[in-house]
Amino acid sequence: MSEAPWLIPLSPLIAFAINGSLGPRYLKRATGIVGSLGILASFLLTIGLWLDLPKEDSQREYILYRWLESGSLRIDIGFTLDELTVVMLLVVTGVSFLIHVYSNAYMDHDNSFARFFTWLPLFVFSMIMLVMANNFLSLFVFWEMVGVCSYFLIGFWHNRDSANNAAMKAFITNRVGDFGFAAGIFLIFWNFGTVNYSEVHGAIGTITNGAATTIALLLFIGAMGKSAQFPLHIWLPDAMEGPTPVSALIHAATMVTAGIFMVGRNIPIFEAGGVSLIVIGGIGAFTALFAATIAVTQTDIKRVLAYSTVSQLGLMFLALGSGAYVAALFHLATHAFFKALLFLGSGSVIHSMQNEQNMHEYGGLKSKLPWTYATYVIGGLALSAIFPLAGFWSKDEILAGAFFRGASSNGDVLFLLFWIMGLTASLLTAFYTFRMIHLTFHGMPRNRALYDHAHESPWLMILPLVLLAVLSIAAGIGLGFPPEHGIIHDYLHHVIHSKHFELTGDSTIIVSLAIISTAIALIGVMAASSIYQRGRPRPEAMGKLFPALYTLSYKKYYVDELVEILVIKSSKAAGFVLWAIDAKLVDGMVNLLGWLIKAFSSIGRRVQTGQVQNYVLIMATGLVVSLGIIMVMQ
Amino acid sequence: MADYLNSYLFIGAILFTLGAFGVLVRRNIIVVLLSVELMLQGVNLSLGAFSTFYHDMGGYMLVLLSLAIAAAEAVVGLAILVALSRHVDEFYVDRLKSLRW
Numbered sequence: 001m002s003e004a005p006w007l008i009p010l011s012p013l014i015a016f017a018i019n020g021s022l023g024p025r026y027l028k029r030a031t032g033i034v035g036s037l038g039i040l041a042s043f044l045l046t047i048g049l050w051l052d053l054p055k056e057d058s059q060r061e062y063i064l065y066r067w068l069e070s071g072s073l074r075i076d077i078g079f080t081l082d083e084l085t086v087v088m089l090l091v092v093t094g095v096s097f098l099i100h101v102y103s104n105a106y107m108d109h110d111n112s113f114a115r116f117f118t119w120l121p122l123f124v125f126s127m128i129m130l131v132m133a134n135n136f137l138s139l140f141v142f143w144e145m146v147g148v149c150s151y152f153l154i155g156f157w158h159n160r161d162s163a164n165n166a167a168m169k170a171f172i173t174n175r176v177g178d179f180g181f182a183a184g185i186f187l188i189f190w191n192f193g194t195v196n197y198s199e200v201h202g203a204i205g206t207i208t209n210g211a212a213t214t215i216a217l218l219l220f221i222g223a224m225g226k227s228a229q230f231p232l233h234i235w236l237p238d239a240m241e242g243p244t245p246v247s248a249l250i251h252a253a254t255m256v257t258a259g260i261f262m263v264g265r266n267i268p269i270f271e272a273g274g275v276s277l278i279v280i281g282g283i284g285a286f287t288a289l290f291a292a293t294i295a296v297t298q299t300d301i302k303r304v305l306a307y308s309t310v311s312q313l314g315l316m317f318l319a320l321g322s323g324a325y326v327a328a329l330f331h332l333a334t335h336a337f338f339k340a341l342l343f344l345g346s347g348s349v350i351h352s353m354q355n356e357q358n359m360h361e362y363g364g365l366k367s368k369l370p371w372t373y374a375t376y377v378i379g380g381l382a383l384s385a386i387f388p389l390a391g392f393w394s395k396d397e398i399l400a401g402a403f404f405r406g407a408s409s410n411g412d413v414l415f416l417l418f419w420i421m422g423l424t425a426s427l428l429t430a431f432y433t434f435r436m437i438h439l440t441f442h443g444m445p446r447n448r449a450l451y452d453h454a455h456e457s458p459w460l461m462i463l464p465l466v467l468l469a470v471l472s473i474a475a476g477i478g479l480g481f482p483p484e485h486g487i488i489h490d491y492l493h494h495v496i497h498s499k500h501f502e503l504t505g506d507s508t509i510i511v512s513l514a515i516i517s518t519a520i521a522l523i524g525v526m527a528a529s530s531i532y533q534r535g536r537p538r539p540e541a542m543g544k545l546f547p548a549l550y551t552l553s554y555k556k557y558y559v560d561e562l563v564e565i566l567v568i569k570s571s572k573a574a575g576f577v578l579w580a581i582d583a584k585l586v587d588g589m590v591n592l593l594g595w596l597i598k599a600f601s602s603i604g605r606r607v608q609t610g611q612v613q614n615y616v617l618i619m620a621t622g623l624v625v626s627l628g629i630i631m632v633m634q
Numbered sequence: 001m002a003d004y005l006n007s008y009l010f011i012g013a014i015l016f017t018l019g020a021f022g023v024l025v026r027r028n029i030i031v032v033l034l035s036v037e038l039m040l041q042g043v044n045l046s047l048g049a050f051s052t053f054y055h056d057m058g059g060y061m062l063v064l065l066s067l068a069i070a071a072a073e074a075v076v077g078l079a080i081l082v083a084l085s086r087h088v089d090e091f092y093v094d095r096l097k098s099l100r101w
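Quick mapping for you: the protein sequence lines, in order, are chains C and Z.
Each residue of the first sequence is one higher than the last, beginning at 1 in my numbering.
Each residue of the second sequence is one higher than the last, beginning at 1 in my numbering.
Simulated from the structure, these hints should not be mistaken for laboratory data.
Glycine included, C-beta positions come from ideal geometry on N, C-alpha and C.
Watch out, some of these pointers could steer you wrong.
Derived Cβ-Cβ restraints for the label pairs, each shown as a range [to be verified]: (1) N28(Z) - A583(C): 52 to 60 Å; (2) A583(C) - R86(Z): 44 to 52 Å; (3) T609(C) - V76(Z): 21 to 29 Å; (4) F21(Z) - M631(C): 18 to 26 Å; (5) V88(Z) - D582(C): 30 to 38 Å; (6) I11(Z) - T621(C): 50 to 58 Å; (7) F21(Z) - G588(C): 51 to 59 Å; (8) A68(Z) - L627(C): 22 to 30 Å; (9) V76(Z) - S70(C): 41 to 49 Å.
Beyond 10 Å from chain Z on every Cβ pair, some chain C residues (computed) [unchecked claim]: (10) L53; (11) R74; (12) L90; (13) V148; (14) W157; (15) F230; (16) I278; (17) H453; (18) L552; (19) S570; (20) T609.
One chain only, chain C, in its complex shape (with noise of 0.2 Å):
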């Protein structure tokens, strides 16, 4: 596969093609089998390609062909060939053939059938495209290509109002990041002359330690907008707004661990970067805990999602901030398939109560939904970090490595306040996760009505949530066994390691910290189960507790009415100043001169007539004149 590995990328561009062509007249509800045999096809070829890696370092980078050429600029399509596109490629791919098949039967009695499995395969190719480059300039295209496969698929149900300002918000919140990370990369070219990504890293270090952390910052900002970090997160729980596969796929599993891709992707820039990593960390383990304290109140089952979403973003980027840059990409894989599967479960839940997606109206849906029950538990366990699914060790390894930073001789003291955050978030993480199972599962059912309608999903939405709960529970302990020296962290330690970080202790420091971080998970279970679950759960217990903090959560935080004061507002009005400049003053000079000389020229223009004779005598006149004046200078 390593001598062609521009067909992984191809096939779901030709499923792209036939379902965008032929689609909506020809093929209709034939399109979910195109897009899934494309991507199962491009699952296949990587897994060929996994099989068949180059080891030489020089046949890792395949070139495609010259895409563009200008001066000193030389752009090629390339592909890198190495250990991380390999484990992103195998999480996207296999992740997206799940939601595909689980979208044949989700969307089944929607109309625009053909629409969603035309975006949902262009998608992937974006996606696939992205983490395959092997220059910045092709990582943008197609950091900007998933952008606007988002942006259709937000807005997909186009005739809400609420979608199209959800896929707006998204767009123009990404735009404020990629604002950032184009600098990043025109200061790339600036100081190397290139954009290739292993030219850039050989040559990172004859630039300053300045430069250098400003490229990493800017980078950074890239990765804060795709990767809806603090305060650039606010796109991502209204991003909810698309259909539930859409979620699952886009704005939790793939997508926005693009952000965390081209950090990991681009290490030696970021070590090089002085302060930039502990930036990334700081931001991090505040966006972790921070999106973690909103996601306890929220009553919306996807928006609690959102948020937590949010929240683990945050987490893996406090373990590329720590230097633990494995572990971030280890809990990228292992939250893919359980924040996928817990996505795909609601998906089911809200598939059966008729599009209610208000927790306060389920309730008791155990025994009506059993497979969905049991995967959602599954994932809820494994989200929580519960010993020993997925969750436990990918986010163990990133406390651990915020803790050995902080605490190793030369590491930074902030580290151990990020690893403390880092804790927090996950005690409210276990909280929200079983609010959510105790509310939407357990106690007495609050809408009768709707309950009595619901049913298990079928099959072809059961057996993608099985197999990402098997992958929930066994991709921890067999990627992730034993801790730092476990097979994902063997295969990945040729591209990513660090220079700068030993992150290191021994066993006993080690397992104490694992004890822990699971302690405090079950606290926050229990916590959860203790309020919610004895007798008929009451969702505003916790509102009765603590009213204020409780709104303020509720509310956000009230980020989107700061935003809306601070940014929309202040814009709107500078806008009304530019616009009454524009209008008033330029255009009135304009029109001023315009005036003037109508008014000049409606003197002159009473010479015209009309009259031909007039003219006639006129140019008679002049003639006889001119010739008199002649004959008179003789």
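With chain C held as given, fit chain Z onto it using these hints.
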């Protein structure tokens, strides 16, 4: 021949003046066009007279040229008239002024 030159020129000048007068004062477009032709013939007559006087065929060549052009001009002018007649009822130059400012 020299004695008659002045009479030819005189008649040419009369024709030209009559034509110019017609162009200036007549309101009917057809008559105006006829008057333009009259002016042209006045000039042609003078050219012919000079040509004979100086024994130089250049003058007659010029007359032939101007006749050809006049014929072409008359074609265009009449074509415009025909087109105009489909839009207006009155062929009076002082009425046709809608193209001014």
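Unmet hints by their number, sorted upward, for this structure
Violated hints: 5, 6, 9 and 20; rest satisfied.
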